[in-house]
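Since the structure of chain A is provided, determine the placement of chain B on it from the hints.
Heads up: the sequence lines are chains A and B, in that order. All you need for this note's numbering is the position in the first sequence, starting with 1, plus 23. All you need for this note's numbering is the position in the second sequence, starting with 1, plus 240.
Don't take every hint at face value.
[What the hints assert, rightly or not] Listed next, the in silico EDC-like pairs over lysine to aspartate or glutamate satisfying Cα-Cα at most 20 Å (straight line):
#, chain 1, residue 1, chain 2, residue 2
1, A, Lys83, A, Glu152
2, A, Lys77, B, Asp430
3, A, Lys83, B, Asp417
4, A, Lys77, A, Asp133
5, A, Lys105, A, Glu152
6, A, Lys115, A, Glu67
Hints listed in this document are in silico derivations from the structure and should not be mistaken for laboratory results. Predicted model only: the values in this text are computed from it and were never measured.
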Amino acid sequence: MTQRRSYAVGTGLFIVLGFAALAYLATQTTSVANASQGSSYVVETHFANVGQLKTRAPVKIAGVRVGSVQSIELVPGKEEAKVTLSIDDRHKDIPDDSVATIFTSGLLGDQYVGIQFGRSKNPVKEGGEIGLTRPAQQLEEMLGKFFGGGSAPDRLGGTFHVTGEFTNVGALQPGAAVKMAGVPIGSVDSVVIKPGSSEATVTLAIDKRYSQIPDDSSAAVFTSGLIGSQYVAIQPGGSPEYLAEGDSFVLTQSALQLEDLIGKFLVNGSPSDNKSGGAQGSTQPDNAGKK
Amino acid sequence: MTAKDDNVVIRSLTQIGACGLFLLTILAAIPRSLRHGRETIRQIWFVGAMSLTIVMTCGLFVGMVLGLQLYDVLSIFGGTSATGTVVAIAIYRELGPVVTALLFAGRAGTSVTAEIGLMRATDQLDAMEMMAVDPIAYVAAPRFLAGVVALPLLAVVFCAMGVFGGHLVGVTWLGIDNGTFWSNMTATVDVHKDIIDGVLLKSIAFGIVVSLIAVFQGYTTPPTSEGVAYATTRTVVASSIAILALDFVLTSFLI
Numbered sequence: 024m025t026q027r028r029s030y031a032v033g034t035g036l037f038i039v040l041g042f043a044a045l046a047y048l049a050t051q052t053t054s055v056a057n058a059s060q061g062s063s064y065v066v067e068t069h070f071a072n073v074g075q076l077k078t079r080a081p082v083k084i085a086g087v088r089v090g091s092v093q094s095i096e097l098v099p100g101k102e103e104a105k106v107t108l109s110i111d112d113r114h115k116d117i118p119d120d121s122v123a124t125i126f127t128s129g130l131l132g133d134q135y136v137g138i139q140f141g142r143s144k145n146p147v148k149e150g151g152e153i154g155l156t157r158p159a160q161q162l163e164e165m166l167g168k169f170f171g172g173g174s175a176p177d178r179l180g181g182t183f184h185v186t187g188e189f190t191n192v193g194a195l196q197p198g199a200a201v202k203m204a205g206v207p208i209g210s211v212d213s214v215v216i217k218p219g220s221s222e223a224t225v226t227l228a229i230d231k232r233y234s235q236i237p238d239d240s241s242a243a244v245f246t247s248g249l250i251g252s253q254y255v256a257i258q259p260g261g262s263p264e265y266l267a268e269g270d271s272f273v274l275t276q277s278a279l280q281l282e283d284l285i286g287k288f289l290v291n292g293s294p295s296d297n298k299s300g301g302a303q304g305s306t307q308p309d310n311a312g313k314k
Numbered sequence: 241m242t243a244k245d246d247n248v249v250i251r252s253l254t255q256i257g258a259c260g261l262f263l264l265t266i267l268a269a270i271p272r273s274l275r276h277g278r279e280t281i282r283q284i285w286f287v288g289a290m291s292l293t294i295v296m297t298c299g300l301f302v303g304m305v306l307g308l309q310l311y312d313v314l315s316i317f318g319g320t321s322a323t324g325t326v327v328a329i330a331i332y333r334e335l336g337p338v339v340t341a342l343l344f345a346g347r348a349g350t351s352v353t354a355e356i357g358l359m360r361a362t363d364q365l366d367a368m369e370m371m372a373v374d375p376i377a378y379v380a381a382p383r384f385l386a387g388v389v390a391l392p393l394l395a396v397v398f399c400a401m402g403v404f405g406g407h408l409v410g411v412t413w414l415g416i417d418n419g420t421f422w423s424n425m426t427a428t429v430d431v432h433k434d435i436i437d438g439v440l441l442k443s444i445a446f447g448i449v450v451s452l453i454a455v456f457q458g459y460t461t462p463p464t465s466e467g468v469a470y471a472t473t474r475t476v477v478a479s480s481i482a483i484l485a486l487d488f489v490l491t492s493f494l495i
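Just chain A, with the same shape it has in the complex:
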């Protein structure tokens, strides 16, 4: 009989253990765990773009989870998303001038709302709004800021020729566009290596309408989009003198290898820590680096 009793006890223990493990898995390792725990209060935010943000995504302050996204809806008649955040009652002291930003955990991770504290003494109220927001950064836009983009120009009227020497022109071809401020102003006439030189000499045919290019401007070889064709971008300098027929650029920037760029992006492209950035991210990369 004691033998049988011990079987029953052991079996009971086993079944209880099984159900305990099931309860643990179901409540602690699944989205059920993200359902509201304890009391919380609601704060409203408006984003220009929520990216891939989903309901129940975490809300974090300094990386610590303090709540979750309760709802995401489009503001009627506006190109704007209203995101309602549900924040734990324990975290009542969020300044009302804090900045809400949509971040991505890692490059491929899920998106979450990060709140960066402002300097105001007044905490945001129940049902209040965090006014300053930064939208989700679209990878395409960020990359687009690195690379220019556009098509080759029509050649109108006469042109004048200037040259530039590049250590590396990448895949630049004659006929490629020449752009200033993103606007096509001419085309590449020829890409040659002069005898005795190790640098490529690129001759640019620039429309006469755009003759007022300062002579200390720099020329750089850029790529349109990720896999687009390469073009020459001219960044105007500040000199009162203008480039004339036959002149050459003093400052040039060679073609950047995509691999280098992506590498830089991955290393430096994490979301800005600039708290004073306000509603608009001031993360426009400076791609005018001169050689």
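Only chain B this time, still in chain A's reference frame:
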């Protein structure tokens, strides 16, 4: 059971058909067998609780090796924060139910087959019938029922240990942030799709299949020592194939 001159196809079909009929017999006998509830409990103890050690150990190691491998691969993409998520999903949807069922077939299925097979070989089953005790209700059904109950519970324990192992390697050893590990997991893992469909439904189906094969092979074994040996081997082989094939079919329906 089968004529020697039948070819492989006929023999297999006969086995499958006999197995199906045997399942119906067992199901019909379950109400009667529940009158011997203690026997079912003893069997749950034997096939379930006694398998806990192997299941927990294996779960821990499977979780640990998953954590290690995924960390290694995901670090290529800078996505190590997803380690917890992938460990949990891989274990819940596939490894938990499948590996537990394979272990269960090896640990409990074989002993059930050998036990019933020996009963058959030593004429105990016939003796029961002589005493008007239905061997299906008293021997087969409790073991079948015990397997169906025990396997889902074991699978859940396996999963819990697996996640724990993944946490052990990922967070404690390799230094993934604890909060990231859990929050990414809880953000992605779904109760219905991963726990109920993944762990429970699959492991109940595997429990039915493995228990049925084990009991059937034991019950229909040739009454010789050689026959018992073959039956035990067949339990493992047939169970493994059935588990993996059924896993694919179930997954294609559930996903």
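Each hint, compared with the structure:
1. Lys83(A) to Glu152(A): 16 Å, holds
2. Lys77(A) to Asp430(B): 14 Å, holds
3. Lys83(A) to Asp417(B): 14 Å, holds
4. Lys77(A) to Asp133(A): Answer holds: Lys77(A) to Asp133(A) is near 9 Å, not above 20 Å.
5. Lys105(A) to Glu152(A): 10 Å, holds
6. Lys115(A) to Glu67(A): 14 Å, holds
When the structure is compared with the earlier hints, no violation turns up for any of them.
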